[in-house]
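As a plain string of letters, each chain reads:
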Amino acid sequence: MIPEIGQFALILALGLALIQATIPLLGALWSREDLTAIARPAATGQFVFVMAAFIVLCHAFLNDDFSVLYVATNSNSALPTPYKIAAVWGAHEGSLLLWILILSAWTLAVTVGSRGLPHEFAARVLGVLGIVSVGMLLFTLLTSNPFERFFPAALEGNDLNPLLQDPGLVMHPPILYAGYVGLAVPFAFAVAALLTGKLSQDWARWTRPWTTASWMFLTVGIALGSWWAYYELGWGGWWFWDPVENASFMPWLAGTALIHSLAVTERRGIFKSWTLLLAIAAFSLSLLGTFLVRSGILVSVHAFASDPERGLFILLLLGAITGGSLTLYAFRARYLTVEGGFRLVSRESFLLMNNILLVVATAAVLFGTLYPLFLDALGMGKISVGPPYFNAVFLIPMLPLAVLVGMGMHTTWLRMSGEPLSKRLLFPAGIALTIGIIFPFILFGQASALTLVGVVTALWVIASSLLEPAKRLFQKNRSPMPLTRGQWGMYLAHMGVGVFILGATVTSSYTIETDSRAVPGDRWQVGEYELYFRDIRRIEGVNYEATEGEFEVWEGDQLVTILRPQKRVYRVQTSPMTEAAIDVGWGRDLFIALGDPLGDGAWSLRVQIKPLIRFIWLGALIMAFGGLLAIMDPRYRVKRTQEKDAISKQSLETA
Amino acid sequence: MTARQNRMILIGLVVTGVTVSAFLALRAFEENLLFFFSPAQVAAGEAPTDRTFRLGGMVLEDSINREIGSLTLNFIVTDYTASIPVSYTGVLPDLFAENQGVVARGTLDNQGGFIAEEILAKHDENYMPPEVAEALALSEESQTP
Chain A
1 MIPEIGQFAL
11 ILALGLALIQ
21 ATIPLLGALW
31 SREDLTAIAR
41 PAATGQFVFV
51 MAAFIVLCHA
61 FLNDDFSVLY
71 VATNSNSALP
81 TPYKIAAVWG
91 AHEGSLLLWI
101 LILSAWTLAV
111 TVGSRGLPHE
121 FAARVLGVLG
131 IVSVGMLLFT
141 LLTSNPFERF
151 FPAALEGNDL
161 NPLLQDPGLV
171 MHPPILYAGY
181 VGLAVPFAFA
191 VAALLTGKLS
201 QDWARWTRPW
211 TTASWMFLTV
221 GIALGSWWAY
231 YELGWGGWWF
241 WDPVENASFM
251 PWLAGTALIH
261 SLAVTERRGI
271 FKSWTLLLAI
281 AAFSLSLLGT
291 FLVRSGILVS
301 VHAFASDPER
311 GLFILLLLGA
321 ITGGSLTLYA
331 FRARYLTVEG
341 GFRLVSRESF
351 LLMNNILLVV
361 ATAAVLFGTL
371 YPLFLDALGM
381 GKISVGPPYF
391 NAVFLIPMLP
401 LAVLVGMGMH
411 TTWLRMSGEP
421 LSKRLLFPAG
431 IALTIGIIFP
441 FILFGQASAL
451 TLVGVVTALW
461 VIASSLLEPA
471 KRLFQKNRSP
481 MPLTRGQWGM
491 YLAHMGVGVF
501 ILGATVTSSY
511 TIETDSRAVP
521 GDRWQVGEYE
531 LYFRDIRRIE
541 GVNYEATEGE
551 FEVWEGDQLV
561 TILRPQKRVY
571 RVQTSPMTEA
581 AIDVGWGRDL
591 FIALGDPLGD
601 GAWSLRVQIK
611 PLIRFIWLGA
621 LIMAFGGLLA
631 IMDPRYRVKR
641 TQEKDAISKQ
651 SLETA
Chain B
1 MTARQNRMIL
11 IGLVVTGVTV
21 SAFLALRAFE
31 ENLLFFFSPA
41 QVAAGEAPTD
51 RTFRLGGMVL
61 EDSINREIGS
71 LTLNFIVTDY
81 TASIPVSYTG
91 VLPDLFAENQ
101 GVVARGTLDN
111 QGGFIAEEIL
121 AKHDENYMPP
131 EVAEALALSE
141 ESQTP
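If you read the protein sequences in the order shown, they are chains A and B.
In this text, residue positions in the first sequence follow the working numbering: the first is 1, and each later residue adds one.
In this text, residue positions in the second sequence follow the working numbering: the first is 1, and each later residue adds one.
Okay, chain B solo, but in the shape it has when bound (with noise of 0.2 Å):
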């Protein structure tokens, strides 16, 4: 083999192996891609159904539930404009309280609640996620006429 030939080879190799990587990279973005949507789209109707994506907004007051004998716990999320009650099964993270932001990833049920797979843990008591903290100042313009 030329040294050309070599070259081209190498060059062939590289360009197969980026494409590949390059569509099979896209592919698992696309496929992982997480939306979030406040309580107000989702009750607007926004949110997908067949997908996974996340909930953020404030625990409502006396909304915590837990079902008896079981690791299974029912809350309301609200951003005070609309609330959407969410089911969760599991350990909860540190800082889950009432009045307290809380981000949440998971499905929409055909009743209009949100079944979460996780619950994601802030980590200070006066952090705001700043995703819920924008959809809370959205709500309350919405309010204030």
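If we strip away everything but chain A, and leave its shape as in the complex, we get (with noise of 0.2 Å):
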């Protein structure tokens, strides 16, 4: 009976969420209050039902209710509970319930967020997320329905894929998908000001914490996909430039180049239709992401149990909210006014620039990405496109990109002598330049021009990034102004891409990797390390068993660590699994993973040692941050409050 509690609620969900997608958008067409009221507890209630319908899930998974299809091919009675949750969101069907379930939950915040904003405006934007969430739910209910019974009950379930077995992935989904869905807040304030066809300043500044918003949670969530697949799928690297990790990072690109823009649209009025572009763009590669992920065309880790139909289904809804939403900024942004220009070493330019370097990316990401799959469609031949063409054509514009961030955050708005700039900047270029080429001879011994050029580059943006702070730290008296938290946000997210890159070019560069051949009772050197293969045991887990080998590691007559790597096998999906062992440090990771038996007692081994790969992710931590404070900025806040006290003032006074 439960299950069908949950399907009951979902199809409720979908009657208020087509209430929501239509009445109040009629309600501010004709200016009516009434209609327009509706959208908020339209909101609310469809965030009830889908919420019930998770919680319902929930319920089964955790009750092993292997009546339910879902449940039977994605959990077993043996899974330990966290990850029975975890597998709520482990395949298909449920993991588009929690993409729901998040629009539904933005769009709830969206309620509580835009009681200061004008009545239409707000109806306007809950309107077009209704609509959002209309596709999404027909989707579900149509194709993918997650309380599909099974007659009879299995007794027993098919488990959860043991890939998916693990902490990072319990927390991966929700986060990246946070990140994913909540760009359909700016698109949904984008779709708002074509239809109102007026874009103040205002709405940037409404807009904008929204998008920094979704662009941390998409930030930390890529992060963590990467971190996943490091310790996880085995062999220790970081970026694989998969066809799926593009889905998420091309939202990510479009988003990183939308709050920049943003920034202008808000400050100066400007770049309004570029704006109103990249906020369609960016959701519309999210959904883009979804399709490639769930239609199952991708050959990945992420396309267990997809089927054509669905990926239709999605490619529609990609066409009608894209193709809609691109129709109507068509038919509008030239009514949309632009006053004033701008000097070319101003802030606008800088951020100009940025633009079109995170556009140029985003695109050569794209081309990357979609070009097999079309040849495929037109039949045209299988190929693949291998990870040197990425690495080109990312760094390409993110080099001068990086060069130029270091800049850019210390131009002002509309004009600035270049004297000043080049004065200002020349202590953090002079730090970079030294440090960044000596140390790696110090450290590594040597150096590829490449790599100096990347270690120069990430401590040129740590240096300019901590300059202002620095001088608000250290010399209290002489600079007049206090900075204000969005500042700090943004000195702190640009420092976090520093040390990103910093970790990117030290551990791609300095990367110490065998595949070797051992025994027990082997002693051999990798780097400056001495590895002695201790022994080699089985073990029994919880729901798998386990051949784990022993290893010591000295450094000199120095026991450094004992790593346990492990060959898994999961007893339900009868495939084995590697589990890396790793020694965490800041100045460098060293992961041991074992291959396969080669008989006489011999295993295959891989050995890394990987400088500062930690950067990677505590960059991207940093980038997260620093969203995070210039979200808590006050003018966010104080403004909104003002608004609203206008308004019920207004609203008092025609009472």
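Certain hints may be false.
Footprint (simulated), chain B over chain A, 3 or more residues, beta carbon under 8 Å [said to hold, decoys possible]:
(1) 359-373
(2) 499-505
(3) 515-526
I should point out that these hints are in silico values taken from the structure, not numbers from a laboratory.
Just so we're clear, the structure is a prediction, and the values are computed from it rather than from any experiment.
A virtual CB, placed ideally from N, CA and C, is assigned to each residue, including glycine.
Using the hints, put the two standalone chains together into the complex.
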């Protein structure tokens, strides 16, 4: 009975979404407040019912209700409880429900956060979010119902894919989705502005915190995915340019561009139509990502149990939402008036260059991801595009961008003479050049030109980001203006970019990687460490059996650590799984993975020493934290309360 | 400088930047395209001899053969129409096994064998790379008259 309640709740949610998608928009069109007022309760109700459906599905997983097809295929009674929860979004149907739950949660947040906005505008935003919601709910109910029954009920479930039984994967999908789906909010703001035909600087101020918030989740989500791939896929890489990774990375790039162009629109009232276009593009790329991951056209970790009918549905949805909003854009964008220009050396032109470079990078990644799919669809052969392509097309625009970031932060709006900028930046540039060129040689003995360029650029970004904060901290009496939270956020996020570049450069330049053959009792040298293969034995896990190797790691006569990599075989899905053992450190990670038995007690092993790899994810976390600070800037809040006061005063007067 | 000159410089910079990056991107793209071939296509001489490509099919039963004392491994990839010997040195992905689909990236040697640089991992015991499934289906069609 209970699963049917879940399905019924979803149908009710669809009904409310239909109301939310139509009546408030009509109300805004006819200026009828009684109709626009329906938006908030409809959105709230929708959230309640989607949440109910989600809880019902969780309940089915926790109680091992194998009469539900989705539970039977993705869970097992022996599965540890946290993974039963993770299994809720471990495959297609449940992850779609999670998508919808997160969309309705964002919508709920908008109903609360938009109280200070003009009534009609808020109604339009909620209406557009309602349309997206209708599409996704229809998709779930028509093609991917998670509550489908299975008669007779299975005695035991087929278990969650062993790859997904991992703490990193419990968190990765919800956070990534929060980012993906959150981009629907700036999209809805953009479409609402197009419907109104007016776009004020206030619009940009309303939109910015939402964009930054979803960008923040997306950043953390992608970093978690990369971290998971590093230790769980087994072979120590942290980014593969897999189409699925690209699918989440393209909205991130477009979202980053959007954050920067919103800054210009808010402060200077220009770049208006460009900002709208980016908002549409960012959400469209999110939907494209959903399509790529969920349609089964990709050969990837994520492409389990997907079928073409679903792919077609998402493609149609993508076509309708993107096509519809672009058509609207084509008709309405010319009504958006633009006033004011800017000088060559000004913050505006740096942000313009930022946007161009980010869009070029997005386009290059998009091309490399989609071209093979097009060729295949047209029956013109099967190709794939290798990582060197992506490395090249990504680095070419990103390198100048990183150099420009350091300068752009110190420019001012409107105009600026060149001299103070170069004078101010002499110090960070000097630091970056000297440290960046000397240290790789001291620490690693050698360095290629590309490595030096990477390290110098990274230090340049870090140093120039820290310039203003350092001034505030160390010469308190001389700096007149304290930094706002928005500025702190900006400096911090850019510093995160520098930390990331440093980690990525050093890891890719100085990783020591060896594949070797060893029997217990062997001793050998890898980098500055000596490895001793002590033992190998069988162990029993909760729902798996494993062969576990034991390795002592020595540096000189000091025991650094003992690492125990495993080769697991899960009892239900009997595929083997490599569990690498990693000794984590700020300076370096030491990574050992067991390969296969080679006979005579010998094993193949992969040993890697990866310097500064933690900086890659640390950089991403710093970026996200910068975003958090920026959202907390009081200017987004204060003005809103003022408007609220103004509005309530107005309504009092009319009353 | 007037505003007009400013704008022209900016536009000039943008156009140059986009052209240069488009050129570099297309070149990188050209160099990094990997084509997929089935064993039958390789046997028919359709695969290039001078560049890297991907070979996909099934690992033939009883064909996995390790060289003693090294990490090198020889096996045969087949689509049941033709078979290609493959050699690979290194650590294998988890799901590499006999009678399982496999995709290998590498080059042909001059004796008609394939030297793999990378064996692509699959992630599920029932999972078949779509390319391999299609190649097998094609091969089956050509065998049944």
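Now the hints, each set against the structure:
Residue count for the region 359-373 of chain A with a Cβ under 8 Å from a Cβ of chain B: 5. That meets the three needed, and the coverage hint holds. By the rule of at least three residues with a Cβ nearer than 8 Å to a Cβ of chain B, the coverage given for the region 499-505 of chain A is violated, with 0 such residues. For a cut-off of 8 Å, the count of residues in the region 515-526 of chain A with a CB near a CB of chain B stands at 3, and the three-residue condition holds.
Checked against the numbered hints above, the structure breaks only hint 2 and satisfies the rest.
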